[in-house]
Amino acid sequence: MIGSIERIYALVMRHIYIWRSSIMRLVDSIYWPAVQMVMWGFMTQYLLPQASFVAQAAGVLLSGLLLWEVVVRGNLSLSIAFLEEMWSRNLGHLFVSPIRSWEMATGIIIAALLRTLLGLIPVSLMAWAFFGYNIYSLGLPLVAFFAILQMFSWSIGLAMSGMIMRVGQSAESFAWAAVFILMPVSGVYYPVTVLPHWLQVIAWGLPPAYVFEGMRSILADKTVHWDMLAIAFGLSVVYLVVGFQIFQWFFRASRRAGTLLGQGE
Amino acid sequence: MPNSPAINVRHLRKMYGEIVAVDDLTFTVPRGTVLGLLGGNGAGKTTTIAMLLGLLEPTSGQIEVLGVDMLKRRYAALPRMNFSSPYVDLPHRLTVRQNLLFYGRLYGVKQVNRRIEEIAERMQISEFLGRPAGKLSAGQKTRVALAKALINRPDVLLLDEPTASLDPDTADWVRSYLKEYQGETHATILLASHNMSEVERLCDDVILLQSGRVFERGSPRELIERFGREDMEEVFLDMARGRGRGLEVLKKGQAAS
Numbered sequence: 000m001i002g003s004i005e006r007i008y009a010l011v012m013r014h015i016y017i018w019r020s021s022i023m024r025l026v027d028s029i030y031w032p033a034v035q036m037v038m039w040g041f042m043t044q045y046l047l048p049q050a051s052f053v054a055q056a057a058g059v060l061l062s063g064l065l066l067w068e069v070v071v072r073g074n075l076s077l078s079i080a081f082l083e084e085m086w087s088r089n090l091g092h093l094f095v096s097p098i099r100s101w102e103m104a105t106g107i108i109i110a111a112l113l114r115t116l117l118g119l120i121p122v123s124l125m126a127w128a129f130f131g132y133n134i135y136s137l138g139l140p141l142v143a144f145f146a147i148l149q150m151f152s153w154s155i156g157l158a159m160s161g162m163i164m165r166v167g168q169s170a171e172s173f174a175w176a177a178v179f180i181l182m183p184v185s186g187v188y189y190p191v192t193v194l195p196h197w198l199q200v201i202a203w204g205l206p207p208a209y210v211f212e213g214m215r216s217i218l219a220d221k222t223v224h225w226d227m228l229a230i231a232f233g234l235s236v237v238y239l240v241v242g243f244q245i246f247q248w249f250f251r252a253s254r255r256a257g258t259l260l261g262q263g264e
Numbered sequence: 000m001p002n003s004p005a006i007n008v009r010h011l012r013k014m015y016g017e018i019v020a021v022d023d024l025t026f027t028v029p030r031g032t033v034l035g036l037l038g039g040n041g042a043g044k045t046t047t048i049a050m051l052l053g054l055l056e057p058t059s060g061q062i063e064v065l066g067v068d069m070l071k072r073r074y075a076a077l078p079r080m081n082f083s084s085p086y087v088d089l090p091h092r093l094t095v096r097q098n099l100l101f102y103g104r105l106y107g108v109k110q111v112n113r114r115i116e117e118i119a120e121r122m123q124i125s126e127f128l129g130r131p132a133g134k135l136s137a138g139q140k141t142r143v144a145l146a147k148a149l150i151n152r153p154d155v156l157l158l159d160e161p162t163a164s165l166d167p168d169t170a171d172w173v174r175s176y177l178k179e180y181q182g183e184t185h186a187t188i189l190l191a192s193h194n195m196s197e198v199e200r201l202c203d204d205v206i207l208l209q210s211g212r213v214f215e216r217g218s219p220r221e222l223i224e225r226f227g228r229e230d231m232e233e234v235f236l237d238m239a240r241g242r243g244r245g246l247e248v249l250k251k252g253q254a255a256s
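Respectively, the protein sequence lines represent chains A and B. Heads up, the first sequence is in numbering that gives the first Met the number 0, so the first residue is 0 and it goes up one at a time. Heads up, the second sequence is in numbering that gives the first Met the number 0, so the first residue is 0 and it goes up one at a time.
No wet-lab data here; the hints were simulated from the structure. Every residue, glycine too, gets a C-beta built ideally from N, C-alpha and C. Mixed in with the good hints there might be a few duds.
Stretches of chain B that chain A covers, calculated by requiring three or more beta carbons in the stretch to come under 8 Å of a beta carbon on chain A [as the list claims (entries may be wrong)]:
1. 52-58
2. 80-87
3. 93-100
Pulled a few chain A residues facing chain B out of the computed Cβ check, cut under 8 Å [claimed, not checked]:
4. Arg13
5. Arg215
6. Arg255
In silico negatives: residues of chain A with every beta carbon more than 12 Å from chain B [said to hold, decoys possible]:
7. Phe94
8. Val142
9. Val193
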């Protein structure tokens, strides 16, 4: 167990070394969420006197944005942490070292979590400073929202990383785009009931829908639906396990196909 | 199993679709010896090394390293092995020290900072420990890669063309160091190389590979005598061009198959 902790620590530190040497690698984690936050902040100010829904649940758009960024940044941070190994043509050395795939997954998950926090905490504080919106007023459920969305984003990141490992960097664009296909059915800015019935069925199979419904419920009538959060948490755990299994499956397929030695930019 | 061979390969086969990359390869490497794996491009050297390391899954066959079944329990042997290849880089943006720290920790090296200082001094890389690995010259990169490969004092070291693209002076330095290291530690080394003088100088035993099969095996001296040649360069050319003893072996092989 100590060996595992040391190897995971090594992997996390490897990413911290990169951030320390190239701060620009962290800038995009703040830049895009900040741009979006400014846009939706002004949109909220514009809609406040005009739309009763926005007026009743002040901050619904900014909360939606910031929580959706938890999904986007979680997936991107994890994929980038894995792609760093491919870009530096280091997979060969890594996979002949004693690090196991679950240790590797844990290491890049921790690195991704740190990167997401480093990006989103400043942006949430900017939303507070510029638009007077404090997402931390969501209270304890915010921790649950964050945990659920992070686990879900990691599951996608792990599956995408596995695919890139097997197929090569030609599949890299999937890593960036994968989560966006889920955005329309996640109810980020509108209730799931707006969707046609068949899309609602899909939406309720995804943890983000529960989170965004839960968020609106807190903002509109101060009600926390813990039962829905429990379902979302359970679903996220299932997705995370499935994501890791997909990563493992692609790893085994890469070992059979011999693609681990030659990957790189 | 201290008396078992360091590497024991039985009927190893790797196919990519219809293409046979390694075909029924069987060999052992006694502990504390240096085995050279020679062959032309595409002979199966890198494929064999990748299978020994667990990077590539064989189609069939068995591999044991240090008495451990690599197909079932490779994590039991990997901490005692290491590998270097000019075709697999170290993270460019990390400094040399950070790279060595990273791999030292992955291999569970005790007192890793002390080990880094020690190996840096031996490999003459102390002065650029703080430099990013991507900004080193080819010779410096090779020495750093070798330092990474030796960070855990491996019992089994696999080297894929360790002196490829190096100038003669640096290549000579690497060979001298490997000879010295092997003499001190009695590590087992498997060396894939295209450099015949390197093989003559370092290897106790040589396997000549052709089309994924063992073509001939023996010490460099034995092979030179058997082929009636002056050096390993000529032995290699006989195999590659199918002439002299090379032609005889080829015919025997064809008759047997």
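Minimum Cβ-Cβ distance from A/Val193 to chain B exceeds 12 Å = Consistent with the label, A/Val193 stays out of reach of chain B, its closest Cβ about 46 Å off (over 12 Å).
Mind checking the CB of A/Arg13 against every CB in chain B and telling me if the closest is under 8 Å?
-> Holds, because the Cβ-Cβ distance from A/Arg13 to chain B comes to roughly 5 Å (cut-off 8 Å).
Proposed interface contact between A/Arg215 and chain B, which counts if any beta carbon pair is under 8 Å | violated, 42 Å
When the least beta-carbon distance from A/Arg255 to chain B is tested against 8 Å, hint result | Where the cut-off is 8 Å and the nearest Cβ of chain B is about 5 Å from A/Arg255, the hint holds.
Quick one: work out the minimum CB distance from A/Phe94 to chain B and report holds if it exceeds 12 Å, violated otherwise.
-> Violated: least Cβ distance 6 Å, not greater than 12 Å.
For the region 52-58 of chain B, do three or more residues have a beta carbon lying closer than 8 Å to a beta carbon of chain A?
-> holds (count 5)
For the region 80-87 of chain B, does the count of residues with a C-beta closer than 8 Å to a C-beta of chain A reach 3?
-> It holds, with 6 qualifying residues against the three required.
Are all C-beta atoms of chain B more than 12 Å from that of A/Val142?
-> holds, 31 Å
At a Cβ distance under 8 Å, does chain A reach at least three residues of the region 93-100 of chain B?
-> holds (count 4)
The structure fails to meet hints 5, 7 from the earlier list, while all remaining hints are met.
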